[in-house]
Structures are given as C-alpha cells and as structure tokens.
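**Q** Sequence:
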Amino acid sequence: MAMTAPKKVRIGDLLVEHRIISESQLSAALAEQKKSGRKLGRVLIDHGYVQEDALLKLLSEQLDMPYIDLGTFELNPSVVQRLPETFARRYRALVLKETPTGLLVGMGDPTDIFAFDELARVLKRPLTLAVVKESDLLHAIDQMYEHGAQIRNLASEIGQDLSENAFDLGNLTAESSQSDAPVVKLLQTIFEDAVRAKASDIHIEPDEDVLRIRRRVDGVLHEQVMDEKRIAAALVSRLKLMAGGDISERRKPQDGRFTLKVKDTQIDVRMATVPTQNGEAAVLRLLDQDAGRFNLDDLGMPAAVLTSFRRQIHKPHGLVLVTGPTGSGKTTTLYAALGELNRPQKKIITVEDPVEIQMSRVNQVQVNPKIGLGFAEVLRTTLRLDPDIILVGEIRDQETGEIALRASLTGHLVMSTLHTNDAVSSAIRLIDMGLEPYLVASSVSAIVAQRLVRTLCESCRNEHTPTAAEHAWLQALEGRDTTPAVFYEGAGCNKCNHTGYRGRTGVYEILELTPDLIDALRQNDQSAFERISSAESRYRPLVHHALDLAGAGQTSLEEAMRLTGWIE
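Numbering of the sequence shown is given in this note's numbering, commencing with residue 1 and proceeding in unit increments.
Calculated directly from the structure, the hints in this document are not laboratory data. The structure displayed is predicted, hence computed values, not measured ones. Don't take each hint at face value.
Claimed, not checked - Below, computed lysine-lysine pairings styled on DSSO-like, alpha-carbon distance capped at 30 Å:
1. K252 with K185
2. K97 with K39
3. K185 with K495
4. K370 with K133
5. K252 with K263
6. K263 with K495
7. K185 with K263
8. K252 with K97
9. K185 with K34
10. K57 with K124
Claimed, not checked - FRET-style restraints, in silico, Cβ to Cβ:
11. Q266 with T326: 19 to 27 Å
12. Q266 with R531: 42 to 50 Å
13. T307 with K198: 23 to 31 Å
14. L296 with H18: 45 to 53 Å
15. N295 with R89: 54 to 62 Å
16. P484 with S248: 52 to 60 Å
17. T326 with D209: 29 to 37 Å
18. R380 with V274: 25 to 33 Å
19. A491 with Q345: 45 to 53 Å
20. S360 with L260: 19 to 27 Å
21. T564 with R531: 17 to 25 Å
22. E52 with P369: 27 to 35 Å
A virtual CB, placed ideally from N, CA and C, is assigned to each residue, including glycine.
Whenever a hint applies, use it, and build me the whole structure from the sequences.
**A** Here it is, written out as structure tokens:
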C-alpha cells in the first residue's frame, strides 16, 4: 500500500489566518527562529504566543491527522521498540500501534517530510501519522525504552561468555574494570533505569532457572525476568568489588556501600548479600544525597503536627521519638529535623547504622559491632564530646535506651527511632525493653508515628464511589467528626506506568506527653495511658490524616484502608 507523505504547512501563516497570533508576533518569532535555529512552533509556544494544545489541534485539522494524548494512550512496548531508540529520539517519533494497513506513528512535528521518509525507510511498513505533544512524546520514549532490550542483550552476551561450570567469577570481575565490559555495562544500565524510575531498592535474585531483577518504586516491587541465571554470580561479584567485599566468600552474608554518579545525580548505594539455595542474592538500597536537603515543610506533615514537632525539637533537652516500620520515612524526618537545627552554635553528633546521608557540620559516627563499637559504646563516648543534640539511629536494646534516656535528662536533646506501630504503643515499648517507668516518663517529650502512602497520578485521577466494604470501614472509624464527600482513584496511564499512582507522601501523628500521660507512664499503667491518649484533643491518629489525604484527592481510599491494616 502506498504511503501519503505529510503535507507541507506554513505554521506561522496558518496561525495568523486563524487569528491565533498577530503579524507582529509572527515576525518576532521568525526573527528568534533565525537566531536560535529552533523550530517555529516551539518558539511560538515558548514565547507564550500560542498554547501547545491549540497549535497541535489546528495542525491535526489542517493535516487531516488524529491528535493523540499520550498521557492516556496505552502503549505496547514490543510495538514501540520496532523503531530503534536512536531514531525515535532523533526524529521525535513513536510507534503507537499496529493497524491493518501498517503502523500508526506519533510525531512531535508531523510536517517534517525528511523525518517521515527516514522513518518509512527504517520501519519498512506503510505509515499513518498522528499529532502528539512533544513533551509527552519524550517522556514516553524515556519510559518505554528504559534500556530493556539492552539489558537482555547484555545478559545474553555475559551468559555466552561463561562456561557451564564457571562458578568462580572472581578473576573475570577483577579484570572487567573497563567501562565496555558487559557485566559493568549491565550494572550501569540497571542503575540508570532504577534512578530514572525513582526506585528505592534493587533486588538481584537468582531463581532455579532464571534471574529476577526487581525494583521497588513507591513501595511496590516491579519485576524483570532474565533467562540467563548464570550471570547472577558475575553481577554479585562485581558489586562486592565495588563495595569492598570478599568475592571469595559466598557462604556468609556480607554488606558494604559505594557511591556512584548517575546522570549528574550522586547516589549512595548500601549493599547486602545473602547466600540462598540458588546462589547469592543481593539487595541494593539507593540513597539520593539530595534527600538530605529536605526541610520539615517539604514532608507533608499536617500543620498541627508540624507546629508540635517543631516546638519539641527546639527544646534544649528531652527525648523525641520517630516510630514506624522499615521504609516508612523515619530517617528522612530525622534528617529534615537536623537540617533545621544544624547551626554553628549547636554541636550535633549522630550514631547511626549506617550513616545514610552525609551532612556538613554534623559529627556522624557509624557503629561497627564486629569490633565492639555498638550503639551503647558509641553513645557512651558521645556524651564526653560536649554535644547539644544527639541523634541515635535506633533504640534496639535496654542499654542503648537507658543511655539515651539519661542523656536527655542531663541537658541534651536526643532524637531516635523505634520500630513500633503507633505513637501510643512506643512509650510502653520502652518499658517492655526493661527501662524503668519513671525514667521513661521523665525523659520522653513527644512521639511521632508515620507511614508512607502512594499518591494518585494527577493525569488519570478520577472520582471513586466507595464499595460496600469501604463504606463499612468508614462507618467503623472511631473519633472521626466528618467523612469526605468525594474520593478518588487512579485509572492508570503511561505517566504512572498504569499503576494509578506517582510518588508517595507521609502520613503522621504526634503524641506530646502531658502531665496525665506522664503519671500513667510512671505508674506503668498501660490501659490508663491508652485511654488518656485517645481523649487527648491534640492527638489525631494516623488513619485520620490518611483519610484527609484521600478526601483531598492526594491518595485513594484503598491506600488509607491499607494503612489501618498495618496499625490494627
């Protein structure tokens, strides 16, 4: 079937003819185009003479082409990748779908006849063009290519290089330091994709017949399966070399860390390996150094919680706890607090395992239990270094807890974390550790509990009618004055990888200890402590904040319900 090349359209004359821009605006844009060499349409949009949507819809009508919104259009990766990434980026084009007569291709500039001819030559199929927004097109290219084919090819290349019995890959990885070594290229590609997707963790897991590489994005794992299981040992050995581990030891767990630069972003990587039945598995925690620049106003705390938390961390002494499960954002909250307190007049010392984000002017100490340098030992030394503020990464045992509590009683502000479900149970947890109730009551100033919930994608968010189960859950909530009238859900689109969610936000509660609460703690009366906490007017449970976010359209009712599943 013969293809029809795009018609040549003079965009400027067309816009003037339809009275969208004036003659003087066109003249100014043409002069700018002559100087910069950019396309006229882009100049007109950048100068604000015309809206991009209006220009594209006009082009669509004049060229008799469909205008497609890539934000909601579902792309098929195997169809998209028929056009090599190099050509997609060079000609600003994307194969949208296969039709009975050929291929539908979206272009940022469908009037580019030269680009059309090159696409027809490369794809070797009859083409039908569609008009798409260039910014959406570039985002879709980044998302759809994501080095998937390159990862598979590199995995295959490494697999072919390894003989069936070659399990000792130390020599191979030691000699693979050049940037063009396949295993290094594969790792670079895996890291680039993870950073682009804003993943927090990478899991490398050998299975019986395959290798699984999983990335945790917004708290949810996304899996890629490779047939070349044998490359797992090469990847883990290379990672051990980067982290200063022992590549000859495969029977024991190891950990380490290293730093790499990915597209101008400095990433700290924490690595942990463990021997499994099918070989060594590795988990890589990605720590963006820019995360250390969070301030308290960026965290999403409700105004009342933020005011209370600020008041507590600016006190000269006392113990402030931040609680929640692993991965709930406790470290980010503590670093944001330190960022606000970090002034030349204050001596700040942290005791961490490990040091996650490096901060200037802060003395950060990493514990090392292998040489007898545990939390308690470091904390005991820290008290002799004249600190004003002490951050203890986690209170894990009675000895560490007792030193932290006594430090808060002797003129120091101490901040730390606990792995508990909510603020109310945290103080009781300290007593359960074996700490004296009077000591806990005298030391603890406030407890913040937090979680992370996924935020809805703004591009595909729409109203949601609660199900019968959700109605029952809403009615069962205690202490809730009002219920939001409208809820939302994510339909799923290309911008959110069809999950309906993009990013996460914090859910918080804070419990400030009042005289009545202190008395209940001193008497180790758990039931009285819980009863007084529930009646405290300034205490709002986590689930109430989550429901506020759901009513505001920031998250879904499903996410709010998942939160209560954690704390009930």
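**Q** If a hint holds in the structure, say so; if it does not, say that too.
**A** Structure-based check of each hint:
Distance restraint check for K252 and K185: the Cα-Cα separation of roughly 27 Å lies within the 30 Å cut-off, and the hinted pair is therefore satisfied. A C-alpha spacing of about 27 Å is found between K97 and K39, which places the hinted pair at or below 30 Å, so the restraint holds. For the suggested pair K185 and K495, the alpha carbons sit about 27 Å apart, so the restraint of at most 30 Å is met. Our distance criterion of 30 Å between C-alpha atoms is broken by K370 and K133, whose separation comes to about 57 Å.
Straight-line distance between C-alpha atoms of K252 and K263 comes to about 34 Å, which puts the hinted pair past the 30 Å bound. Taking the CA atoms of K263 and K495, the gap is about 21 Å. The hint holds against a cut of 30 Å. For a cut-off of 30 Å, the pair hint linking K185 to K263 stands: about 15 Å separates their Cα positions. Distance check on the hinted pair: K252 and K97 sit about 49 Å apart at the alpha-carbon level, beyond 30 Å; violated.
For a cut-off of 30 Å, the pair hint linking K185 to K34 is broken: about 41 Å separates their Cα positions. The straight-line distance between the Cα atoms of K57 and K124 is roughly 28 Å, inside the 30 Å bound, and the hint therefore holds. One distance hint, 19 to 27 Å for the beta-carbon pair Q266 and T326, holds here, with the actual separation near 24 Å. Q266 and R531 have their C-beta atoms about 49 Å apart, which keeps the hinted 42 to 50 Å range intact.
Under the hint 23 to 31 Å, the C-beta atoms of T307 and K198, about 30 Å apart, fit the expected range. Taken as a hint, the range 45 to 53 Å holds for the pair L296 and H18, whose Cβ atoms sit roughly 50 Å apart. Evaluation of the 54 to 62 Å hint for N295 and R89 yields a failure: the beta carbon distance comes to about 36 Å. Checking the proposed 52 to 60 Å range against P484 and S248 shows it holds: the Cβ atoms sit about 59 Å from each other.
For T326 paired with D209, a C-beta distance near 31 Å keeps the hint of 29 to 37 Å intact. Taking the beta carbon of each, R380 and V274 are about 32 Å apart, inside 25 to 33 Å as hinted. Look at A491 against Q345: about 52 Å separates their beta carbons, and that is inside 45 to 53 Å. A hinted range of 19 to 27 Å for the beta carbons of S360 and L260 is consistent with their spacing of about 21 Å.
Separated by about 20 Å at the C-beta atoms, T564 and R531 satisfy the suggested range of 17 to 25 Å. A hinted range of 27 to 35 Å is violated for the C-beta pair E52 and P369, which are about 58 Å apart.
In the structure shown, a violation is registered for the earlier hints numbered 4, 5, 8, 9, 15 and 22, in ascending order.
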